[in-house]
Amino acid sequence: MPIVNYVDHGGNCTQIDVPADDSVMEGAIANGVEGIVAECGGSAMCATCHVYVREEFLGLLPPVGEIEDTMLDLTASERRDNSRLSCQIRMSDALDGLTVEMPETQT
Amino acid sequence: METTVIIGASHGGVQVAASLREMNYSGRIILAAEEPHLPYHRPPLSKALLDPAQPDGLMLRPSAFYEQKDITLRLGKRVDAIDLDKHVVRFGSEEAIGFDHLVLATGARARIPQIEGINLRNVLTLRTLPDAKSLAASLTSAQDVVVLGAGMIGLEFAAVAARAGRRTTVIDATSRPLLRGLSPEMAQHLQKMHEANGVRFIFDDGITTIEGDEAVSAVVTKSGQRIKADLVLVAVGVVPNVELAVAAGIEADNGIVVDTHLQTSHEGIYAIGDCAAFPANGGNRLRIESVQNATDHARTVAASIVGKRQPFNKVPWFWSDQYDAKLQIAGLWNGYDQAILRPSGNDGSFAYYLFANDKLLCVEAINAPGDHVAARKILSDGLDLRPEHLADPSFDPKLFMRQQPSHS
Chain A
24 MPIVNYVDHG GNCTQIDVPA DDSVMEGAIA NGVEGIVAEC GGSAMCATCH
74 VYVREEFLGL LPPVGEIEDT MLDLTASERR DNSRLSCQIR MSDALDGLTV
124 EMPETQT
Chain B
-13 METTVIIGAS HGGVQVAASL REMNYSGRII LAAEEPHLPY HRPPLSKALL
37 DPAQPDGLML RPSAFYEQKD ITLRLGKRVD AIDLDKHVVR FGSEEAIGFD
87 HLVLATGARA RIPQIEGINL RNVLTLRTLP DAKSLAASLT SAQDVVVLGA
137 GMIGLEFAAV AARAGRRTTV IDATSRPLLR GLSPEMAQHL QKMHEANGVR
187 FIFDDGITTI EGDEAVSAVV TKSGQRIKAD LVLVAVGVVP NVELAVAAGI
237 EADNGIVVDT HLQTSHEGIY AIGDCAAFPA NGGNRLRIES VQNATDHART
287 VAASIVGKRQ PFNKVPWFWS DQYDAKLQIA GLWNGYDQAI LRPSGNDGSF
337 AYYLFANDKL LCVEAINAPG DHVAARKILS DGLDLRPEHL ADPSFDPKLF
387 MRQQPSHS
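So the sequences go chain by chain: A and B. The first sequence begins at 24 in the numbering used here and counts up by one. The second sequence begins at -13 in the numbering used here and counts up by one.
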């Protein structure tokens, strides 16, 4: 199972095995990782599962979709070049070791 | 130790508990719910029915969350009474728990009209996880689906049924779909989309009789039409769960009546989400059934409990998925006097901007997230968007949202 490293705002890292095809958001919610809220349940509606993706993984991700791009403008914390909605990132073996940082606040 | 009791553990109730801990509340938190399941996301139940990969639904938080946060979950436990004098809630006759703060997040239940045959098999409602399971199971073998009620739940299920190739008929007592939820302009668009997918609408009508031996076989409408049916979804709105509050002497009127701080007629007792009738601008009371309303209510109440009182003042927003259309709504449409259509791309996406006296009230968007996001910001920041802006073909809502100074 691919591993995701969730790094909270204080720099603490939680390592979780996330089944392929599950989203990075689902991996966080199922394991109680704090810092990802996912109020809309993965519909790309609420922008409360915002993460910053470590640079080295950015190129491996599918491009930001139009809805995601727009919702990223609504995030509570600053949008950066490596901002993504974690509900839109599906895990795969190629993404093993993916490291995401959680923003200071989601709401 | 100070204790907060929350009755109801859906989107609102769970958010109160989570927000209290985020706000460093150190008291005891008891979250009680009649439903036995770990609290789960409700919107997917009607949008995609049940994901076979997730037969228990999508949980709001894992069970470990409640342990980590020292939130006492009491699932499958019905609160039978609230004693305002003694400040306790009673579970049956044996157990009573004292509270300093009480949050009523009791939600709403499906309204069940009195129709002959309503108890036949395969006549269902959709509100809970077990409801969604029954409906998904019945849909597998159904051929002829009748949906009573052209509201959001009815239409979302009609889309699922039609897409699964079922002959689908929607019957509504009013003259159009989504009378409460959408402007006539957008409702007409949705109706056409459903019709293009084979859904038949019957308006200004109702069901007088549901026929069948053990399971439903047909419905008879008020106008005398007999429609074959082996599955009927009754989706004619909800009844707010106010009985517990009313029995305790708390005021209710189409929902538990609360003030701008979401406090009921009794100090320290709050009501949030679907069951709460709260004052809106202009003095009307609103009762809104949505995730956003429940969770934003929850944050306001949690803030009050930790001593950071603030009036509730959030822009309502909603979403729905039907076929390939993502409908996104910001604001409330009622009372508009001008609807301006803004096509947003070559892909058929568009949005209606609804104004009253040249002031933006609501934006209803189909596959146009930029319009939706901008609308939420424009409405919450009070930016001065006017019909003239929309008249400019180069108008870009996201640019408008960014150019304007933020008031918040």
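Quick caveat, the hints were computed from the structure, so don't treat them as lab data. Just so it is clear, the structure is predicted and the values come from calculations on it, not from any experiment. Every residue gets a Cβ at the ideal spot worked out from N, C-alpha and C, and that includes glycine. Please note: incorrect hints may appear among the correct ones.
[Stated by the list, open to error] Here are the in silico distance ranges between beta carbons for each label pair:
#1 A:D40 - B:R295: 35 to 45 Å
#2 B:R388 - A:E127: 14 to 24 Å
#3 B:L385 - A:G34: 29 to 39 Å
#4 A:R113 - B:K208: 26 to 36 Å
#5 B:G331 - A:D104: 17 to 27 Å
#6 A:N35 - B:T(-11): 26 to 36 Å
#7 B:D245 - A:A99: 19 to 29 Å
#8 A:R113 - B:K294: 32 to 42 Å
#9 A:E127 - B:E102: 50 to 60 Å
#10 B:V225 - A:S115: 26 to 36 Å
#11 B:P116 - A:D40: 22 to 32 Å
#12 A:A99 - B:L70: 44 to 54 Å
#13 B:I98 - A:R113: 38 to 48 Å
#14 B:H23 - A:N35: 25 to 35 Å
[Claimed, not checked] To give an idea of the interface, some chain A residues facing chain B are shown, with a C-beta separation under 10 Å as derived from the structure:
#15 E49
#16 P85
#17 E89
#18 D92
#19 L97
#20 P126
#21 T130
Do the hints match the structure? See the list:
1. Roughly 43 Å separates the CB atoms of D40 (chain A) and R295 (chain B), a value that falls within the hinted 35 to 45 Å.
2. Range check, R388 (chain B) to E127 (chain A): about 21 Å between beta-carbon atoms, so the 14 to 24 Å window is met.
3. Against the hinted window of 29 to 39 Å, the Cβ-Cβ separation of L385 (chain B) and G34 (chain A) comes to about 36 Å, which satisfies the hint.
4. Distance hint check for R113 (chain A) and K208 (chain B): the Cβ-Cβ separation is about 48 Å, which falls outside the suggested range of 26 to 36 Å.
5. With their beta carbons about 24 Å apart, G331 (chain B) and D104 (chain A) fall inside the hinted range of 17 to 27 Å.
6. In this structure the supplied range 26 to 36 Å holds for N35 (chain A) paired with T(-11) (chain B), their Cβ-Cβ distance being about 31 Å.
7. A hinted range of 19 to 29 Å for the beta carbons of D245 (chain B) and A99 (chain A) is consistent with their spacing of about 27 Å.
8. As the Cβ distance of R113 (chain A) to K294 (chain B) is approximately 39 Å, the hint placing it in 32 to 42 Å holds.
9. Between E127 (chain A) and E102 (chain B) the Cβ separation comes to about 58 Å, which falls inside the hinted range of 50 to 60 Å.
10. The hint said 26 to 36 Å for the Cβ distance between V225 (chain B) and S115 (chain A), and at roughly 46 Å that hint is violated.
11. Between P116 (chain B) and D40 (chain A), the C-beta spacing of about 31 Å keeps the proposed range 22 to 32 Å intact.
12. One distance hint, 44 to 54 Å for the beta-carbon pair A99 (chain A) and L70 (chain B), is violated here, with the actual separation near 37 Å.
13. The hinted window of 38 to 48 Å between I98 (chain B) and R113 (chain A) holds, with their beta carbons roughly 40 Å apart.
14. As the Cβ distance of H23 (chain B) to N35 (chain A) is approximately 31 Å, the hint placing it in 25 to 35 Å holds.
15. Because the smallest distance between the Cβ of E49 (chain A) and any Cβ of chain B comes to about 8 Å, under 10 Å, the interface hint for this residue holds.
16. With a least beta-carbon distance of about 17 Å to chain B, the hint placing P85 (chain A) at the interface is violated under the 10 Å criterion.
17. With 10 Å as the threshold, the beta carbon of E89 (chain A) comes within range of chain B, its nearest partner Cβ sitting at about 7 Å, so the hint holds.
18. With 10 Å as the threshold, the beta carbon of D92 (chain A) comes within range of chain B, its nearest partner Cβ sitting at about 8 Å, so the hint holds.
19. Taken as an interface hint, L97 (chain A) checks out: its beta carbon lies about 5 Å from the nearest beta carbon of chain B, inside 10 Å.
20. Because the closest C-beta pair between P126 (chain A) and chain B is about 14 Å apart, greater than 10 Å, the hint is violated.
21. The interface hint given for T130 (chain A) holds, since its Cβ lies 7 Å from the closest Cβ of chain B, which is under the 10 Å cut-off.
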